[in-house]
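There are 2 protein chains.
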Amino acid sequence: MTRRIALDAMGGDNAPDEVVAGAIQAVTALDVEVVLVGQPEQLQNVDLEVVAASEVIAMDADPARSVRTMKDSSIVRGAELVRDGKADAFVSAGNTGAMVAASLLRMGRIKGVARPAVATTIPVPGSTPTVLLDSGAIAECQAEWLVQFALMGSVYTATRYGIARPRVGLLSIGEEPSKGNKLVKETFPLLSELDGINFIGNVEGRDVMTDDVDVIVTDGFTGNVVLKTLEGGLKAMVSAVFAALGTEAAGAEGAAAIGHLVPLAGELNPDSIGGSMLLGVKGVSIISHGSSSATAVVNAISAASELADSAIVEAMTTAVSLANHDT
Amino acid sequence: MTRRIALDAMGGDNAPDEVVAGAIQAVTALDVEVVLVGQPEQLQNVDLEVVAASEVIAMDADPARSVRTMKDSSIVRGAELVRDGKADAFVSAGNTGAMVAASLLRMGRIKGVARPAVATTIPVPGSTPTVLLDSGAIAECQAEWLVQFALMGSVYTATRYGIARPRVGLLSIGEEPSKGNKLVKETFPLLSELDGINFIGNVEGRDVMTDDVDVIVTDGFTGNVVLKTLEGGLKAMVSAVFAALGTEAAGAEGAAAIGHLVPLAGELNPDSIGGSMLLGVKGVSIISHGSSSATAVVNAISAASELADSAIVEAMTTAVSLANHDT
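Chains as they are written, first to last, in the numbering used here: chain Y, 42 to 368; chain G, 42 to 368.
Simulated from the structure, these hints should not be mistaken for lab results.
Any given hint could turn out to be false.
Identical copies carry no separate label here, and so any pair may be met within one copy or between two of them.
[What the hints assert, rightly or not] Here are the simulated lysine-lysine pairs, BS3-like style, with alpha carbons at most 25 Å apart:
#  : residue 1 : residue 2
1  : Lys127    : Lys112
2  : Lys323    : Lys152
3  : Lys323    : Lys127
4  : Lys276    : Lys112
5  : Lys226    : Lys276
6  : Lys152    : Lys223
7  : Lys152    : Lys127
8  : Lys276    : Lys220
9  : Lys220    : Lys152
10 : Lys112    : Lys220
11 : Lys152    : Lys276
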């Protein structure tokens, strides 16, 4: 069935232009309806349905306060459309913390979930991607929350990437159960005893971009640091490779070789990923990269539509409920 | 003056062969003396001075227990040579935790230092490197310890890389002082008030491989995760680049282009870095990568010799003492 996706027209560094461009591409290329949420005066002459929201939460605004005080902001209104059944999913490239807070408050938390988590996809060249969570919703975490992240991340990875029994690893600084900080040492035995997931033990930073693990569980501080470190490292590396091949010494051979690297650069580009999902809320809430291009917006809308089709929220609700009854 | 460097002949994945090969190259190429520490039966026919140590601490052994019980291990004996003034520095590619414990117990802690930290160099293509600490000595840290890491890291970066007023950043998940976990939020105001360092505020994972910061301060858990994430990410990327250029489609152009990337791969190779220094102990203790090649050993010996020449331990002692009297 055709899904109806609410899109924050005001969210992200390139809003509204790139966001609107992405929305128009999406309705042309995909079997979706898109509802733009934002300031009508910024969205004139756009041939898409618009739900008015007079306020915009800035990228660096305080999330909790913004969501509390800016009730007519595009992020709050978009989350309400999902709550009210007027949209099947909500996509925003805006303030991540505000998306977390608005989704929690307006869509509501899945019963039994202590804290939500942002699940981010990390591309692995030549292999299935790795899903990392929490990648930034909750900086300070408790062991029990990480256990739920493992459950929810497992359901998400199976649903989104069709991986039957995703291998779940706990991010630490050594493979042995004795390695890590206090949080990791407390979480390890809980994950070992947990039914319903395929826990493979501790994994390390060097495993993130390999085919050795499918879901990596960590607190939101470490997860966000990992994500941004990789982003910066790969960017530095891509620049250095292109610079080396673009030199006079490399000549025509170098310039020609760059062409062969373009698909790889595309594979590693965050725009290809289709956004991160906020797990633990009663609705499909997709957080796209702040610097999203029109292509990123199309991919996020596509992911949102597929996830709405998959009944993932129901699957996650069941998984969390079963685990809570076991303990 | 010619420095005398003690080298753990038994440490690392490629010991003793690569380590011995590195030692021989070092005494040929550099103005240094090298003393091998290890099992004499493994070091026969080597034309270098050997200090006997009958035991070897395994790479995955429990550090504290090993150092306590294996008094005749190469790591413990090497640290003793520095303590006794029989060597100017000690280099090992062995068990990092054991190097930390043995250096602390045998060389002793600098007066006023609460905890030591491993300072690791991260290469930045086309720029000065970034020094990250703690990269794995102490998983669970307190704010006051991070303040000392900032001081010691600043002295180290100035001494080793000749950067006059190194920019010190606190690793977090947003630039604003309000962003981060509990530890970061507690540390930020302390660093803001600290004299003697050039604190530039919070930095993020994406800044690690840029020229925007010289010293990054974090706890040993996060630091180690960052380091290994970068290592794995860059490795995946290098493989993918070489694979793309090595395909039939890329042909001769691709193969030729690979040649232009070799210097870059060398720059990013951990073997080029010359090891990490353990800061906070009364001696030059250099921890080399576990998979060190002979080249890595040469570079670590060279760094050890320069650091011994620089009177860095004295400079660090003064910096910590001044800061402790200020507060």
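Hints that the structure is at odds with (numbers, increasing): 4, 5, 6, 9 and 11
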